[in-house]
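Residue-level listing of the chains:
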Amino acid sequence: MSTLARKKGVGAVIWDYLTTVDHKKIAHLYLIAGGLFFIMGGIEALLIRIQLAKPNNDFLVGGLYNQVLTMHGTTMIFLAAMPLVFAMMNAVVPIQIGARDVAFPFLNALGFWLFFFGGLFLNCSWFLGGAPDAGWTSYASLSLESKATHGIDFYVLGLQISGFGTIMGGINFLVTIINMRAPGMTYMRMPMFVWATFVTSALILFAFPPLTVGFIFMMMDRLFGGNFFNPAAGGNTIIWEHLFWIFGHPEVYILVLPAFGIFSEIFATFSKKRLFGYSSMVFATVLIGFLGFMVWAHHMFTTGMGPVANAIFAVATMAIAVPTGIKIFNWLFTMWGGNIRFTTPMHYAVAFIPSFVMGGVTGVMNAAAAADYQYHDSYFVVAHFHYVIVGGVVFALLAGSHYWWPKMFGKMLNETLGKITFWLFFIGFHLTFFIQHFLGLMGMPRRVFTYLPNQGWETGNLISTIGAFFMAAATVILLINIVITTVKGEKAEADAWGDGRTLEWAVSSPPPVYNFAQTPLVRGLDAYWIEKMEGKKELTPAEPLGDIHMPNSSFLPFIISFGLFVAAFGFTYHNDHSWGLPVGIIGLLITFGSMFLRSVIDDHGFHIHKEEVLELEKKGAKA
Amino acid sequence: MKKWLRNWRLFSLFSVMALLLAGCGKPFLSTLQPAGEVADMQYSLMLLSTAIMVLVIVVVTIIFVYVVIRFRQRKGEENKIPKQVEGSHKLEIIWTVIPIILLLILAVPTVSATFKLADVKPMNKEKRDKDTLVVNVRANLYWWEFEYPDYGVITSQDLVVPTNERVYFNLKASDVKHSFWIPAVGGKMDTNTENKNQFWLEFDQKAADKAGGVFYGKCAELCGPSHALMDFKVKAVPRKEFDQWIEKMKNAKPVVTDPVAKQGEAIFNKSCIGCHAVTPVDKRPEQARTAPNLANFGDRERIAGILDHNEENLKKWLRNPESVKPGNKMTGTYGKLTEEQINALAKYLMSLKVE
Numbered sequence: 000m001s002t003l004a005r006k007k008g009v010g011a012v013i014w015d016y017l018t019t020v021d022h023k024k025i026a027h028l029y030l031i032a033g034g035l036f037f038i039m040g041g042i043e044a045l046l047i048r049i050q051l052a053k054p055n056n057d058f059l060v061g062g063l064y065n066q067v068l069t070m071h072g073t074t075m076i077f078l079a080a081m082p083l084v085f086a087m088m089n090a091v092v093p094i095q096i097g098a099r100d101v102a103f104p105f106l107n108a109l110g111f112w113l114f115f116f117g118g119l120f121l122n123c124s125w126f127l128g129g130a131p132d133a134g135w136t137s138y139a140s141l142s143l144e145s146k147a148t149h150g151i152d153f154y155v156l157g158l159q160i161s162g163f164g165t166i167m168g169g170i171n172f173l174v175t176i177i178n179m180r181a182p183g184m185t186y187m188r189m190p191m192f193v194w195a196t197f198v199t200s201a202l203i204l205f206a207f208p209p210l211t212v213g214f215i216f217m218m219m220d221r222l223f224g225g226n227f228f229n230p231a232a233g234g235n236t237i238i239w240e241h242l243f244w245i246f247g248h249p250e251v252y253i254l255v256l257p258a259f260g261i262f263s264e265i266f267a268t269f270s271k272k273r274l275f276g277y278s279s280m281v282f283a284t285v286l287i288g289f290l291g292f293m294v295w296a297h298h299m300f301t302t303g304m305g306p307v308a309n310a311i312f313a314v315a316t317m318a319i320a321v322p323t324g325i326k327i328f329n330w331l332f333t334m335w336g337g338n339i340r341f342t343t344p345m346h347y348a349v350a351f352i353p354s355f356v357m358g359g360v361t362g363v364m365n366a367a368a369a370a371d372y373q374y375h376d377s378y379f380v381v382a383h384f385h386y387v388i389v390g391g392v393v394f395a396l397l398a399g400s401h402y403w404w405p406k407m408f409g410k411m412l413n414e415t416l417g418k419i420t421f422w423l424f425f426i427g428f429h430l431t432f433f434i435q436h437f438l439g440l441m442g443m444p445r446r447v448f449t450y451l452p453n454q455g456w457e458t459g460n461l462i463s464t465i466g467a468f469f470m471a472a473a474t475v476i477l478l479i480n481i482v483i484t485t486v487k488g489e490k491a492e493a494d495a496w497g498d499g500r501t502l503e504w505a506v507s508s509p510p511p512v513y514n515f516a517q518t519p520l521v522r523g524l525d526a527y528w529i530e531k532m533e534g535k536k537e538l539t540p541a542e543p544l545g546d547i548h549m550p551n552s553s554f555l556p557f558i559i560s561f562g563l564f565v566a567a568f569g570f571t572y573h574n575d576h577s578w579g580l581p582v583g584i585i586g587l588l589i590t591f592g593s594m595f596l597r598s599v600i601d602d603h604g605f606h607i608h609k610e611e612v613l614e615l616e617k618k619g620a621k622a
Numbered sequence: 000m001k002k003w004l005r006n007w008r009l010f011s012l013f014s015v016m017a018l019l020l021a022g023c024g025k026p027f028l029s030t031l032q033p034a035g036e037v038a039d040m041q042y043s044l045m046l047l048s049t050a051i052m053v054l055v056i057v058v059v060t061i062i063f064v065y066v067v068i069r070f071r072q073r074k075g076e077e078n079k080i081p082k083q084v085e086g087s088h089k090l091e092i093i094w095t096v097i098p099i100i101l102l103l104i105l106a107v108p109t110v111s112a113t114f115k116l117a118d119v120k121p122m123n124k125e126k127r128d129k130d131t132l133v134v135n136v137r138a139n140l141y142w143w144e145f146e147y148p149d150y151g152v153i154t155s156q157d158l159v160v161p162t163n164e165r166v167y168f169n170l171k172a173s174d175v176k177h178s179f180w181i182p183a184v185g186g187k188m189d190t191n192t193e194n195k196n197q198f199w200l201e202f203d204q205k206a207a208d209k210a211g212g213v214f215y216g217k218c219a220e221l222c223g224p225s226h227a228l229m230d231f232k233v234k235a236v237p238r239k240e241f242d243q244w245i246e247k248m249k250n251a252k253p254v255v256t257d258p259v260a261k262q263g264e265a266i267f268n269k270s271c272i273g274c275h276a277v278t279p280v281d282k283r284p285e286q287a288r289t290a291p292n293l294a295n296f297g298d299r300e301r302i303a304g305i306l307d308h309n310e311e312n313l314k315k316w317l318r319n320p321e322s323v324k325p326g327n328k329m330t331g332t333y334g335k336l337t338e339e340q341i342n343a344l345a346k347y348l349m350s351l352k353v354e
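Listed in order, the protein sequences are those of chains H and W. FYI, in numbering that gives the first Met the number 0 the residues of the first sequence are 0 to 622. FYI, in numbering that gives the first Met the number 0 the residues of the second sequence are 0 to 354.
Isolated chain W, as found in the complex:
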């Protein structure tokens, strides 16, 4: 009877919590609306640990409320001296053993999940399977570079991945430590300056539909004045669409027809090309790739990772990057541009599309 009662309590706790938490946050950003295998695993662990912890809190609270009400000093008892109790071995053993059991219940799935999440063998095989997708993530002061080494394609800021399969990541930073986090899809991993970290994520197609196809990514490690603005976006698409996209990227080259955009291209080739590449196939070593690849800039979700994607915002960014992202590395590298030049540049950049 009692056992049944406890199970029932646990179960109802679980379901109430799941209901409550699922209402929290946005489907493209919240860890409480898991959008893939990793996030699912972590979410179950969260629920399990929360259930155990709520149980602990409930027990403590019941004793607490009872004690505080029952044993408060009453009028006329100011001088009453209660019995001086030393302790109780039985009780002390109970509240040592029960927590140990509760912790074991939590520890076993924790350890198992920790090892599962660290399983990156498929990406490190001598000969990688053709279908195993690996992405090299390089974090830089306030922007992200995503390289698909098996396809020789580089892009920035918007990560494109296929859904319903494991995607493997190599993570590193080129200046200071950052941390790569897509909350809805799975927990974070730091990008260090001296070594390469590896992990995997899986993006669920249904969840992606619910989130409108785009998940939000964040930098989770304080990295300087614009740490808060170091966002990126993840476009999760079916494998077929992904394959098409990567094909297009392999062959992408700027095609400029508009005369104003042509003017912009000229300015770009003079002032910007030293750092920014405009083709996804960028053979320079990573030390030379000091700025985001702009090959598919016109397809992006945001300007500079945070502003809505339109020409107005692009001009604002070009006019004075510092006012948008304090401490960024672009400020002051290209001299002063006239309004006309900025218009032309914006036109040109917006025309860089593969889709």
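Same shape as in the complex, but just chain H:
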């Protein structure tokens, strides 16, 4: 069932997206779902800031505040940042390495739907008694104490489901990058974003299993009478802290390495220069990925691990500053001597440098264990990680969305609106978080729903709240921009920005379903730039034009994920209601049944014939 160039109704489009295995459409799905969750997380952030705007406020108190704060963190990390990163990777990586799709298109779709249903399940908690309320870290003693609602069960099961999806995504990109590179695309010719994706995928592969183990322990404790975290029965809650942070720290790099990759592309493109110190950038990326696993316990300096462990983890953490510093200077020197064009993505990239450096240096301050006893769990830490995550990751996602929007959707986002979004967001970001460093140093603990007057915290909190509204305004303008662009944006060319260096800018915007009519021959770093500099308009093909083998669409990924969604409901309630267990089992049957179908049905895909390809290419060239 070929999905080529047919006029389609709304229903058909929806069906197309529900069954697609095309990495470009999955990127759309990730972008839309991640964007929605980002908006939800943002609204939660606004609620938090409204409550903290003045002392003794009663807008959102006690347990409800804790639910909002937990869901803000959980949503932003697992349901917004991760999928948005995956959106960028899906949209770009296969094309950047000259591939027609990822290695396992079916798995790719399955990964998305698992994430989606996991996130949906987690958010159902709002309507079913209450959301999780033990913080996004969900430390074991508190989350076992939180028995009034099923919030934590939603957290544990929802994130397990979406975590499976993430691991699949990670494995998929690893295999894709190892196996599917076009001829000539050696490792040291891969675009920086591909390298970042590669290392990130490896981190996912090693970081998510410990988290899953932690989740399973907690699921056992909460739903099936386990005692992993019950000290009275010989359990230990510190184990949860270790498991969580063995995942949690690499997670920071899982998010920020792709951000580095995105910025590397943007700096090179809009400075019209190749990336300065490419090989040291690759080295730094790999080193950050490696060191990222050596430092998790710096989140636990006050847990009481003793001075030896604290000192070792402190020094290891400081070491990460070195490769990160290498990157910062390499970006600066990429711009040095360049011809810098200040497009919207470049605005974010340029603003990222001072913002992220601020987050980085406070990271080193936190690494000084003895001083961290003061920073830990105070607003200083809140300021620090928002500088890293917003100043690094969110800036990168906004930059990447503007940069690759024409490639993903075929239309240019409005540059004026884009720049307004940028300035609002940039000002709001610093207004919100800079002052929080000082709030923390002045003794304000994090995760407090209120504070008494006369502790010197009033002004700082008010400024912070005002800043949050700037960021909200920026997001609204971005949405308006997207709507306007979708309705009447100008059509983008293949090389939408005119300065593209990597392979994705050589194919039409959006690219045809098979990406490359002929697999290209890569002759160096910045493959497309090389061809352009030699006066060519197209890539050198590495194969004759022929039939192209494509995978079939499938509805099974959706059903497999839906089964787990149903099962999660069943098991959440199996202690309260007799229908719980049967529903859980039915859910699992749906999942395993569809997996069985997938295994026994032969699916050889289909071919797009040479003539069809030629016709499509002609049309693409005209448009």
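These are calculated hints, taken from the structure and not from any lab test. Check before you lean on any hint, since a few could be wrong.
To spell it out: a stretch of chain H is covered by chain W in this simulated footprint if at least three of its residues, at any positions, have a beta carbon under 8 Å from a beta carbon of chain W; those stretches are [to be verified]:
1) 132 to 140
2) 316 to 324
Sample of chain H residues with no beta-carbon within 12 Å of chain W, all distances over it, derived [what the hints assert, rightly or not]:
3) Gly-128
4) Thr-518
5) Gly-569
Calculated Cβ distances over 10 Å to all of chain W for the following chain H residues [as the list claims (entries may be wrong)]:
6) Val-60
7) Lys-272
8) Met-364
9) Ala-366
10) Ala-367
11) Leu-440
12) Leu-451
13) Gly-488
14) Pro-511
15) Met-549
16) Pro-550
17) Gly-579
18) Phe-591
Computed from a predicted structure; not experimentally measured. Here a beta-carbon is modelled for each residue, glycine too, at the ideal position from N, C-alpha and C.
Let chain H serve as the given structure and place chain W on it in line with the hints.
Just chain W now, kept in the frame of chain H:
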């Protein structure tokens, strides 16, 4: 010349920062106005790390501003293609080595301070010196218990300590994880549910005078709906006063003379005594001590850790604890009290004093 310039810069940076930061926050609460040896050590480390980091930021910013202004695209140069530079080994080595040196400068004092702060040998000696003060801190859902094991005295919510000497703490939690933090006096340590943590603090007399004798303490680990309200207070007094206080505590017993308070005592003995003790010498095991010790309740700084200390607030708390501290463990444990009973109880509780 250049070296001198750098030293001078560092020094002035240091002093400007110290000036700027010292203006921040309240003397009873701010980590930037250190009130003891531990906080001092941490503050110096903060200043050192901030100085190094500001240096990094300044260097990056200078290059950044120069690059962004100097190399921006000018009119008529839209098609100019700059030289494609691969990199520079010399530069790359420079910006690898310099950060390593900066980090070493920070790492050495960090490691040394980390070990110093963990030095709790005096409290764990076979035979403890008579002067070594140990306090057992037990964190509970939204209240703190302070036990002086060498004196057999227990109190809650208001920690009393002698100044100008090291005070050693055993920390644990009885329900969920909390974290014990007196920002002005020193960094925090978690109270875990499965093990005992140990650390020490020192309270400076001059700083205590400046702070009005009372430091604010906070719970720093999310522990439930009322995490934000789990405050405690620290009264830092000269050793002599402390000794007097502990003597009084050892012998404290409720002395009730007022008839209304007597009525209150009767109600208390019926409804409250199961959980709350009214003498500092409480021999029950800690599992049985499920509520704050009220022996010196009348001397406290706050009602329920957060409300101003007066009868009105006490009545408000007794009438409906849930409205003051959501999720607390007292709500619903003593039935409904009449307004008259609440008045009597308040009178009685306020009369519990040792000072």
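Status of the hints after comparison with the structure:
1. Only residues whose beta carbon comes within less than 8 Å of a beta carbon in chain W count, and the segment 132 to 140 of chain H has 5; three or more means the coverage holds.
2. Taking a C-beta to C-beta cut-off of 8 Å, the segment 316 to 324 of chain H contributes 5 residues in contact with chain W, enough for the three needed, and the coverage statement holds.
3. For H/Gly-128, the shortest C-beta to C-beta distance to chain W comes to about 15 Å, beyond the 12 Å cut-off, and the non-interface label holds.
4. The Cβ of H/Thr-518 sits about 26 Å from the closest Cβ of chain W, beyond the 12 Å cut-off, so the non-interface label holds.
5. Look at H/Gly-569: its CB is around 29 Å from the nearest CB on chain W, clear of 12 Å, so calling it non-interface holds up.
6. Against chain W, the non-interface label of H/Val-60 is violated: not every CB pair exceeds 10 Å, the least being about 7 Å.
7. Consistency note on H/Lys-272: stated as away from chain W, yet its beta-carbon is not over 10 Å from all of that chain's, at 5 Å minimum.
8. At the 10 Å boundary, the C-beta of H/Met-364 falls inside the reach of chain W, the nearest C-beta of that chain being 5 Å off.
9. The non-interface label for H/Ala-366 is inconsistent with chain W: the shortest C-beta to C-beta separation is roughly 8 Å, within 10 Å.
10. Under the 10 Å C-beta cut-off, the non-interface status given to H/Ala-367 relative to chain W is violated; the minimum distance is some 4 Å.
11. The Cβ of H/Leu-440 does not lie farther than 10 Å from every Cβ of chain W; its closest approach is about 5 Å, which violates its non-interface assignment.
12. Separation of H/Leu-451 from chain W is inadequate, the least Cβ-Cβ distance of about 6 Å not exceeding the 10 Å criterion.
13. With a cut of 10 Å on Cβ distances, H/Gly-488 stays outside the contact zone with chain W, its closest approach being about 22 Å.
14. With a least CB separation of 30 Å from chain W, H/Pro-511 remains clear of the 10 Å interface cut-off, as annotated.
15. Against the 10 Å criterion, H/Met-549 stays outside the reach of chain W, whose nearest CB is about 37 Å from its own CB.
16. Distance check on H/Pro-550: its Cβ is at least 38 Å (rounded) from any Cβ of chain W, clearing the 10 Å threshold; non-interface status holds.
17. Listed as outside the interface, H/Gly-579 is consistent with that label: its C-beta sits roughly 27 Å from the nearest C-beta of chain W, beyond the 10 Å cut-off.
18. Taking the minimum C-beta to C-beta distance to chain W, about 37 Å, the non-interface status of H/Phe-591 holds against the 10 Å cut.
The earlier numbered hints that this structure contradicts are 6, 7, 8, 9, 10, 11 and 12.
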